[in-house]
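Construct the entire structure; sequences and hints are all you get.
Chains as they are written, first to last, in my numbering: chain A, 45 to 303; chain B, 45 to 303; chain C, 45 to 303.
These are computed hints drawn from the structure, not numbers from a lab. Note that this is a predicted model, so its numbers are computed, not measured.
Copies of the same chain look alike in the list, so a pair counts if it fits in one copy or across any two.
No farther apart than 25 Å at their CA atoms in a straight line, the calculated lysine to aspartate or glutamate pairs in the DMTMM-like style are these:
1) K65 / D100
2) K65 / D96
3) K107 / D68
4) K256 / D243
5) K268 / D245
6) K268 / E278
7) K259 / D243
8) K65 / E142
9) K148 / D100
10) K257 / D302
11) K267 / D243
12) K65 / E101
13) K143 / E111
14) K267 / D281
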Amino acid sequence: MKFNGRNTNISANAIIGSNVKIGDNSTIYANVEIGDNSIIANDCVIGEPLNDYYFDETYENPKTIIENNSIIRSHCILYAGSTFGEYFSTGHRVTIREKSIFGKHCRVGTLSDIQGHCTFGDYNWLHSNVHVGQGSSLGHFVFIYPYVILTNDPTPPSNLCIGPIIDNFAQIAVSSVLLPGVKVGKHALVGAGSIVSHDVDPYSLVVGNPAKKIKDVREIKNKKDGGTQYPWPERFDRGMPWSEMGFEKWAKEQNDYDL
Amino acid sequence: MKFNGRNTNISANAIIGSNVKIGDNSTIYANVEIGDNSIIANDCVIGEPLNDYYFDETYENPKTIIENNSIIRSHCILYAGSTFGEYFSTGHRVTIREKSIFGKHCRVGTLSDIQGHCTFGDYNWLHSNVHVGQGSSLGHFVFIYPYVILTNDPTPPSNLCIGPIIDNFAQIAVSSVLLPGVKVGKHALVGAGSIVSHDVDPYSLVVGNPAKKIKDVREIKNKKDGGTQYPWPERFDRGMPWSEMGFEKWAKEQNDYDL
Amino acid sequence: MKFNGRNTNISANAIIGSNVKIGDNSTIYANVEIGDNSIIANDCVIGEPLNDYYFDETYENPKTIIENNSIIRSHCILYAGSTFGEYFSTGHRVTIREKSIFGKHCRVGTLSDIQGHCTFGDYNWLHSNVHVGQGSSLGHFVFIYPYVILTNDPTPPSNLCIGPIIDNFAQIAVSSVLLPGVKVGKHALVGAGSIVSHDVDPYSLVVGNPAKKIKDVREIKNKKDGGTQYPWPERFDRGMPWSEMGFEKWAKEQNDYDL
Numbered sequence: 045m046k047f048n049g050r051n052t053n054i055s056a057n058a059i060i061g062s063n064v065k066i067g068d069n070s071t072i073y074a075n076v077e078i079g080d081n082s083i084i085a086n087d088c089v090i091g092e093p094l095n096d097y098y099f100d101e102t103y104e105n106p107k108t109i110i111e112n113n114s115i116i117r118s119h120c121i122l123y124a125g126s127t128f129g130e131y132f133s134t135g136h137r138v139t140i141r142e143k144s145i146f147g148k149h150c151r152v153g154t155l156s157d158i159q160g161h162c163t164f165g166d167y168n169w170l171h172s173n174v175h176v177g178q179g180s181s182l183g184h185f186v187f188i189y190p191y192v193i194l195t196n197d198p199t200p201p202s203n204l205c206i207g208p209i210i211d212n213f214a215q216i217a218v219s220s221v222l223l224p225g226v227k228v229g230k231h232a233l234v235g236a237g238s239i240v241s242h243d244v245d246p247y248s249l250v251v252g253n254p255a256k257k258i259k260d261v262r263e264i265k266n267k268k269d270g271g272t273q274y275p276w277p278e279r280f281d282r283g284m285p286w287s288e289m290g291f292e293k294w295a296k297e298q299n300d301y302d303l
Numbered sequence: 045m046k047f048n049g050r051n052t053n054i055s056a057n058a059i060i061g062s063n064v065k066i067g068d069n070s071t072i073y074a075n076v077e078i079g080d081n082s083i084i085a086n087d088c089v090i091g092e093p094l095n096d097y098y099f100d101e102t103y104e105n106p107k108t109i110i111e112n113n114s115i116i117r118s119h120c121i122l123y124a125g126s127t128f129g130e131y132f133s134t135g136h137r138v139t140i141r142e143k144s145i146f147g148k149h150c151r152v153g154t155l156s157d158i159q160g161h162c163t164f165g166d167y168n169w170l171h172s173n174v175h176v177g178q179g180s181s182l183g184h185f186v187f188i189y190p191y192v193i194l195t196n197d198p199t200p201p202s203n204l205c206i207g208p209i210i211d212n213f214a215q216i217a218v219s220s221v222l223l224p225g226v227k228v229g230k231h232a233l234v235g236a237g238s239i240v241s242h243d244v245d246p247y248s249l250v251v252g253n254p255a256k257k258i259k260d261v262r263e264i265k266n267k268k269d270g271g272t273q274y275p276w277p278e279r280f281d282r283g284m285p286w287s288e289m290g291f292e293k294w295a296k297e298q299n300d301y302d303l
Numbered sequence: 045m046k047f048n049g050r051n052t053n054i055s056a057n058a059i060i061g062s063n064v065k066i067g068d069n070s071t072i073y074a075n076v077e078i079g080d081n082s083i084i085a086n087d088c089v090i091g092e093p094l095n096d097y098y099f100d101e102t103y104e105n106p107k108t109i110i111e112n113n114s115i116i117r118s119h120c121i122l123y124a125g126s127t128f129g130e131y132f133s134t135g136h137r138v139t140i141r142e143k144s145i146f147g148k149h150c151r152v153g154t155l156s157d158i159q160g161h162c163t164f165g166d167y168n169w170l171h172s173n174v175h176v177g178q179g180s181s182l183g184h185f186v187f188i189y190p191y192v193i194l195t196n197d198p199t200p201p202s203n204l205c206i207g208p209i210i211d212n213f214a215q216i217a218v219s220s221v222l223l224p225g226v227k228v229g230k231h232a233l234v235g236a237g238s239i240v241s242h243d244v245d246p247y248s249l250v251v252g253n254p255a256k257k258i259k260d261v262r263e264i265k266n267k268k269d270g271g272t273q274y275p276w277p278e279r280f281d282r283g284m285p286w287s288e289m290g291f292e293k294w295a296k297e298q299n300d301y302d303l
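Rendered as C-alpha cells:
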C-alpha cells in the first residue's frame, strides 16, 4: 500500500541494495547507500543535506550508510554523514543529525531527536521523544525511555560540548535529564524524572533532583511475584542475542561485549 | 486552499461519508471509514498499516473508524484498527497507534503520541505533546496537559504492560509522569512536574517527586477573585455538554456519566 | 537538491522576494510575504489557515510576513497572521500558531510548538522541542533549552491566559516549566528540571520544585578553568551583534536594548 513510486525522488548517486522498498513521497539524496532488504517507508528524507548546502555552491553530500535489514518508518529525516548498523529501525518523525554512528540492532522511537556527532553501540533502544545532545556516547544494550534529555553544555551558552557517557546495560527512565558529561555506570537505572548531575555508579538506582542513589538495582523486587528483576538481561530477552540460549550461556560464549 | 486533490491517495476500499474533505498529499488506506462532515487536512495518513504489513504478504488492514464531524489537522498518522468517536479533533503531527478507542468529543493536541491499545472516554482533552503508553485507560472529561507521560512497565525492560487508570474529571498538569498502573481519582489534580508513584485519591491535589497530597482541590482559590475554582465543571463549560444549561442542572438530568 | 519545483504549491496571492528558494512539496498560502534571499525548505506549510478556515466560507487568510534572509528548514508549519523578523531560522517540524511576533535573528529549534499570540524580541534562541503557551512574552537575547514549557492557565481548565514574561539575557534550562504569569528577571538562569512558581530575580540561579534561588549567576564558575561564566554575554558572542567588537564596547555604543 505504501510503495507505489508516487512522488518518490531518488538521487542517481544513491546506491540502493537488492530487495529494498522505498515509500511514496520519500526522497533519497546523493551518496546514500541503503543495504539489502531494507525498507524506507513513505514521506522520509534520507541523506538530508547539511547546513552548508544552503550557503555553499560547491557543497557535496557526505556518505550516509544504512546497513542491511533496516526499517525506517514514515516521516523520518536522517541527515547525510551518519552510519546505521544492520537491523536499524525507527518509529515515525525521527530526526537524526550528521556524523552519528549506530551499531547494529538499534531502535529509535517516534519523534526522537538525535543532534549528531553521537556514538551508539549495538542494541540501543531509544523510545519515543528522546533528545540526545551532540557528542553523547552510549554503550551496548542501553535503554532510554520517553522524554529523556542528554545535555552537553555545562555553562550555557558556550562553545563547549561535553556529552554524557552511558555504559552497557544501563537504563534511563522517562523524563530524566543527564547533565553534561555525567557518566552512567553499567546496569545502572536512573528513575523517572531524575536530574542527574553526578556520575552514577554501576548497578545503582538513582532518583530525584539532584539524583541520589537509593539502592542497588539487584535489590529491586518485581511487583508480580516479589522476585528480583535486575540485572535485567537475566529476565528479559526479547530481541536480544541471548534470546534462544539464555543470558548466562550466551555470556560465557560471547566475546563481543564487555559484560 | 487545502483541498485541491493534489497528490491525494485514497484506497478503493475506504468508505468516505458525505461532505467529507480530504487534503492535498493525504493518504487514506484500505478499510478506513470516515463519517459525514469530517475533515482530513493535508499531509495526513489515515489507516497506517500495522507492523505486520512490512513482513507478511497476506496482511490485511484492520478496520479504522472516524465518526461524523471529526477534524484531523495536518500531518497526522492514525494507525489502522482504532476507533474515533464523533467530533474527534486533533492538532498537527499527532501519532495514534492501533487498537485504541476514543469516545466522542475528544481532542488530541499537536505532537501527541498515543501508543495504542488505550481506552478514552468522552470529552478527553489532551494538549500538545502528550505521551500515552499502551494499555492506559481514561474516563470522561479528563484533561491532560503538555509533555505528560503515562508509563506502563514497572520493571523495565519487561513484557508487562500495566497502564495508568484516570477517573472522570481528573487533570494531569504539564510535565508530569504517571508511573505504571497508578489510579488517579475523580476530580483529582496532579500538579506540574509531578512524578506519581502511588494512587491519587479523588479531589486531591498532589505535587512533587514522589507526588504527595497537599490539599483538597476544593480548597484551591483562583487568583483573580479568591473564589473557589474546583470542581472545575462548576466554573468551566466551553465545549462541554452542560454549556447551555449549567453543570448543576445538566448533572441532575443526565444519565450517561458517573459523576 | 531540494529545489526542483516538485509538488510545490504557491498561492497567486503570495508575494515572493528576490532570490527566494522554495523546496519540493512545500505550500505557500495566500497573503504570505517572503523577504529577499530567504529559503523555505521542502515539505513546509507557510501561512497555514486559521481554524475559521474550516468552517467559514468567507474566510480570508491574514497576512504572514517572513523578512529577509530567513531560513525555514523542512516540515515546518507556520500559521497565517504571524510576523518573523529578518534572519529568522528554524529547525525541522516547527509549529508556530497565529499572531506571534518575532524580532530579528531569532531561532526556533526542531519540534518546537509556539501556541500563538506570543511576543519575541531579537536574538531569541529556542532549542529543540520548546513549548510556548499563548500570551508568552520574551525580551531580547533569551535562551530557551529543550523541553521547556511556558504555561498560561493558573487554574485549569479556565478561559484565563496569563503567559510568563522573560526579560533580556535570561536563560531557561532543559525540562523546566514556567508556571502562568511568572516573571524571569534579566540575566537569570533557571536550572534544569525546575518548576518555577514565583518570579525569579535578575541574575538569580534558581533550581528545584518549586524553584528556589541558590546563588547569584555571577558566582558560578566554569569547570574548565574555574573562571566566572556569567553574565554570559561577556563570554559568548557566536551569532551575537557584539561578536566583532566584544560585549563591553558594543554595550557602550548601542541604544537598541535595555541592558
